[in-house]
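**Student:** With the hints in hand, could you dock these two chains into one complex?
Chains A and B, in that order, give the protein sequences.
With the working numbering, letter number 116 in the first sequence gets 116, and the count goes up by one each step, no holes.
With the working numbering, letter number 106 in the second sequence gets 494, and the count goes up by one each step, no holes.
Hint data in this document are derived by calculation from the structure and do not stem from the laboratory.
Be aware that a few hints might be false.
Take a look, some chain B residues computed to stay more than 12 Å from chain A by CB distance [stated by the list, open to error]:
{"hint": "1", "residue": "S445"}
{"hint": "2", "residue": "P471"}
{"hint": "3", "residue": "E506"}
Pulled a few chain A residues facing chain B out of the computed Cβ check, cut under 10 Å [what the hints assert, rightly or not]:
{"hint": "4", "residue": "V13"}
{"hint": "5", "residue": "K17"}
{"hint": "6", "residue": "A43"}
{"hint": "7", "residue": "F335"}
{"hint": "8", "residue": "P337"}
Quick look at which bits of chain B chain A covers, simulated, 3 or more residues with Cβ under 8 Å [unchecked claim]:
{"hint": "9", "segment": "447-456"}
{"hint": "10", "segment": "482-496"}
We put the beta carbon where it would ideally sit given N, CA and C, even for glycine.
Each chain, written out:
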Amino acid sequence: MAEAPTETLKTVVLNDKHVALGGRMVPFAGYSLPVQYPAGIIAEHKWTREHAGLFDVSHMGPSFLMLNERSGDADADHAAAAGLVEPLVCGDLVALKPGQLRYTLLLNESGGALDDLMVGRSPTFPGGLYIIVNAATKDADFARIEAAVSSRATLQRADDNYALLALQGPEAVAALDALVPGVADLTFMTYGTFDWQQDKVFVSRSGYTGEDGCEVLVPVADAGALWDALLTDERVKPIGLGARDSLRLEAGLPLYGHDLDETVSPTEAGLGFAVSKRRREARDFPGADRILREHGGELARVRVGLFVEGAPAREGAEISDGAGSVIGKVTSGGFSPSLSRAIALGFVPPEHAKPGTQLQVSVRGRSQPATVAELPFVPHRYVRKAKP
Amino acid sequence: MTVKYTKDHEYIRVEGSTGVVGITQYAQEQLGDIVFVELPTLGKSLKQGDEAAVVESVKAASEIYAPVSGKVTEVNENLSGEPGLINTSPDADGWIYKIEIADAAELDGLLDAAAYEELTK
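Here chain B stands alone, though its shape is the one from the complex (with noise of 0.2 Å):
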C-alpha cells in the first residue's frame, strides 16, 4: 500500500486506481479540534493542487487541496455529524475523500514516508 504526502499536510492513500485523501495526524495536531468540514461534491473533477475541501478549528478555516488530478468518487459523510474524527482517526475513518486517479505519474512528484517526516522536523 503506498500512501504519499503534500507539503501541505495532505495524505494520499493508493487503493489501485482510487486515492483515500485525509490530513496527517501532523496537521490535526497543529489545527486542534475540528468542529467542520465542507466535503467536495461527488463527481468534482479537481487539478492536483486545487481547494478540493475546508476544514475548521474552533479558531480558523483551513483549505485541503487535492494532492492529485481526478474525479471525486466518494467523500466521508460520517464527517458531517462527527468532524472529529479527524482528529481522533486522521489516517482511518477521518479520511475526507476519495478520488479516481487521472494521472499515476502526479504521485512521483508527492512525498514518500520519509520525505514526508523529515518536513515535519
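If we strip away everything but chain A, and leave its shape as in the complex, we get (with noise of 0.2 Å):
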C-alpha cells in the first residue's frame, strides 16, 4: 500500500515543520512532500475553500532572468528581456505591466507544451522577469531558458536559497496582509516585493486551488519564520499536496504531466486564452500553425470536465460514448469533497464535449456514466481589483 522510495528524495527546507506537524511525507517530483497532515484531505480540502490553507511548493522553480545590457529606457528594457523568452512559449510577454504575471505555456515545435509557467514583469527591476516553473520539468524549462536568451540575459534560480509557500482561500489575503503590510493592495496576477523580517518577499496575488490567496518567495533564512507566524494565525492551517491536487481539479486548472504532455496543445487543453491575439497575428510561437489550425476550429479532442457517477475514474480510465465507442481517456480524476462526487479532467472529440453529453467511463473493467460538466466544477473566486 505504501509506496516505497526508491531514489534519494531532496528534502525541503520546512521539511522538519512537515514532519513536526505530523504530515505524511510522499515521494513528489524527485521531493519528500507532505501529502496530508493528520486532519486530512477533505478536511484540509474544506479549510481551504472556507478561510485559509498553507501550502509549501518550494518544490517548483522560481527564478529570476535579468537582462545584462540594459538601456535605462525601462519599456526598452522589458521588451528586450521579454523578447528573449517569447520565442519559446505562445503568450504576450512584451505586454506585461510591471508587477503583472501572466499564465504562458512552453511549447516545441509541434504546438505541444513542455511545461505551463507563469511570467512576470519586476515591478523595479527594469529588464527583470520572474519565471516560475514546475517541480518535475524545472531543470529542462531552465536549461531551454538559458539556451534561448544565451548571453544577453541570466538565469537566476531562486528553487534553492528561497522557499515557496502558497497561502489560499477566502481570509488567505487578509491572513497575509496582517503580516506583511499591504499585499492585500495586490490584485489577481500581479506581484510585488515586501519587506519582512530582515529581507525582502516576493508575494504574487496567484494559486493554483481557484481561490483567493497568494504565493510567497521567501529567503530560506526567514521562511520558517514566516510559515511559523502565519500559522500562528487561527484562519490558516497547514495543507498537503493531496487537497492541493483536489482543489485544482474542481477548479478546472490541468496539472503538468496529467492533463498536460508535450501532445497536448494549449488549444485541446482549453487554454486558448494563453495564445495572445499579438502572437496569433504574428503567428511566431513554436507550433503556431497546428494551434492557428486549431484554433480555426480543426480540433481533434479537447479537455472536458466530467461528473462521474459511482467509484472516481482515475487517470488513464477510458471514456466512451453513448454507443460504447472508445474516445477518450481521463488524464486526472478523483473525488471533489466540495461536491461530495466523483470528477474528472479528460480528453474527447470536440462533437462529445458539449456539457450536458452523457459519456460513459470504465472503472475497473466496468462501465459507469459520466455527464460532461462545466469548467471549473467551482467557481473561481479570484480577486481581479482591489477592494477600495
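**Tutor:** Below is the structure:
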C-alpha cells in the first residue's frame, strides 16, 4: 500500500516543520513532501475553501531572469528581456505591465506543451522577469530558457535559496496582510516585493486552487519564521499535496504531466486564452501552424470536465460515447470534497464536449455513466480588483 | 473472539463459522479519507487472496482481498452512503463484508494480533 522510495529524495527547507506537524511525507517530483497532515485531505480541502490553507510548494521552480545590458529605458529593457523568452512560449510577455504576471506555456515545435508556467515583469527592476515553472520539468525548462537567452540575459534559479509558500482561500490575503502589510493591495495576477523581517519577500496574488490568495517567495533564512507566524493565525492551517490536487481539480485547472504533456496543445487543453492575439497574428510561436489550425476549428480533441457516477474514474480510465465506442481518456480524476461526488478531467473529440453530453467511463472493467460538466466544477473566486 | 490479520492489512473477526472482514486501523490511517467503497456481490464465492472489494480514498483505489476462502453472506450497505465509517470505526461500524468460512484451517496461516502489530511497526 505504501510507496517505497526508490531514489534519494530531496527535502524542502521546511521538512522538519512538516514532520513535526504530523505530515505524511511522500515522494513527489523528486522531493519528499507532505501529502496530508493529520486533519486529512477532505478537512484540509474544505478548510482552504472556507478559510486559508498554507501550502509548501518549494519543490517548484521559481527563477529570475535579468537582462545583462540595460539601456536605462524601462519599457525598452522589458521588451528586450520579454523578447528573449517569447520565442519559447505562446503568450504576450512584451505587453506585461510592471508587476504583472501571466500564465503561459512552453511549447515544442509541434505546439505541444513542455510545461505551463508563470512569467511576471519585475515591478522595480527594468529588464527583470520572474519565472515560475513546474517541479518535474524545471531542470529542462531552465536549460531551455538559458539556451534561448544565451549571453543576453542571466537566469538565476531561486529554488534552492528560497522557499515558496502558497496561502489560499477567502481569508488568505487578510491573514498575510496582517504580517506583510500591503499585500492586500495586489490584484489577481500581480506581484510585488515586500519587507519581512530583515529580508525581502516576493508576493504574488495568484495560486492554483481557484481561490483568492497569494504565493510568497521567501529567503531560506526567514522561511521557517514566516511559516510559523502564518500558522499562529487561527484562520490558517497547513495543507498537503493531496488537497492541493483536489482543489485544483475542482477549479478545472490542468496539472502538467497529467492533463498536459508534450502532445497536448494549449487549444486542446482549453487554454486558448494563453495564446495571445498579438502572437496569433504574428504566428511567431512554436507550433503556430497547428495551434492556429486548431484555433480555426480543426480540433481532434478537447479537455472536458466530467461528473462521474459511482466510483471515481482515475487517470487512464477510458471514456466512451453513448454507443460504447472509446473516444478518449481520463487524465485526472478523483473525488470532489466540495461537491461530494466523483469528478474528472479528460480529452474527447469536440462533438462530445458539450456540457450535458452523456458519456461513459470504464472503472475496473465496468462502464459507469459520466456527464460532461462546465469547468470549473467549483467557481473561481479570484480578486481582480482590490477593495476600495 | 478470534481476530486474524493479513499482511495486506485486512482483518477477519471470526464469529462461529462466519468471518467479518474489514481493514485495520493502520490501513485506514495510511489510506486517509475513504470516499467510495465497492462492496462484493452477495453470494459470491471467493478464494483466499481474491479481490473482494475496493476502497477509494481521495487519491487512490485500493483492493481488499479475501483473507480466507468462502461465500459472501452479508455486505455493509451503510458504507455506500457513509464510506467514512471505515475511517472512524474500521473494526466495528466500518466492517466491509461477512464471509462463510469454507476452510477454518486457512485462518491458521494468518497473522495474530501480535504478529500484525510487529508488521506495522
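**Student:** For the hint on A:P337, just tell me whether its beta-carbon gets within less than 10 Å of chain B.
**Tutor:** holds (7 Å)
**Student:** Does the claim that B:E506 lies off the interface hold, with its Cβ farther than 12 Å from every Cβ of chain A?
**Tutor:** holds (16 Å)
**Student:** Verify this for me: three or more residues of the segment 447-456 of chain B with a beta carbon less than 8 Å from a beta carbon of chain A.
**Tutor:** Satisfied; 4 residues make the cut.
**Student:** Looking at B:P471 again, its CB stays over 12 Å from all of chain A?
**Tutor:** Answer for B:P471: violated, closest chain A Cβ roughly 10 Å.
**Student:** Taking 12 Å as the cut and beta carbons as the points, is B:S445 off the interface with chain A?
**Tutor:** violated (8 Å)
**Student:** Report holds or violated for chain A covering the segment 482-496 of chain B, Cβ cut-off 8 Å, minimum 3 residues.
**Tutor:** It is violated, with 0 qualifying residues against the three required.
**Student:** Does the closest beta carbon of chain B sit nearer than 10 Å to the beta carbon of A:F335?
**Tutor:** holds (4 Å)
**Student:** Any CB of chain B closer than 10 Å to the CB of A:A43?
**Tutor:** holds (8 Å)
**Student:** Does the interface hint hold: is A:K17 within less than 10 Å of chain B, judged Cβ to Cβ?
**Tutor:** violated (20 Å)
**Student:** Going by Cβ atoms only, is A:V13 closer than 10 Å to chain B?
**Tutor:** violated (25 Å)
The structure is inconsistent with the numbered hints 1, 2, 4, 5, 10, although it conforms to all the rest.
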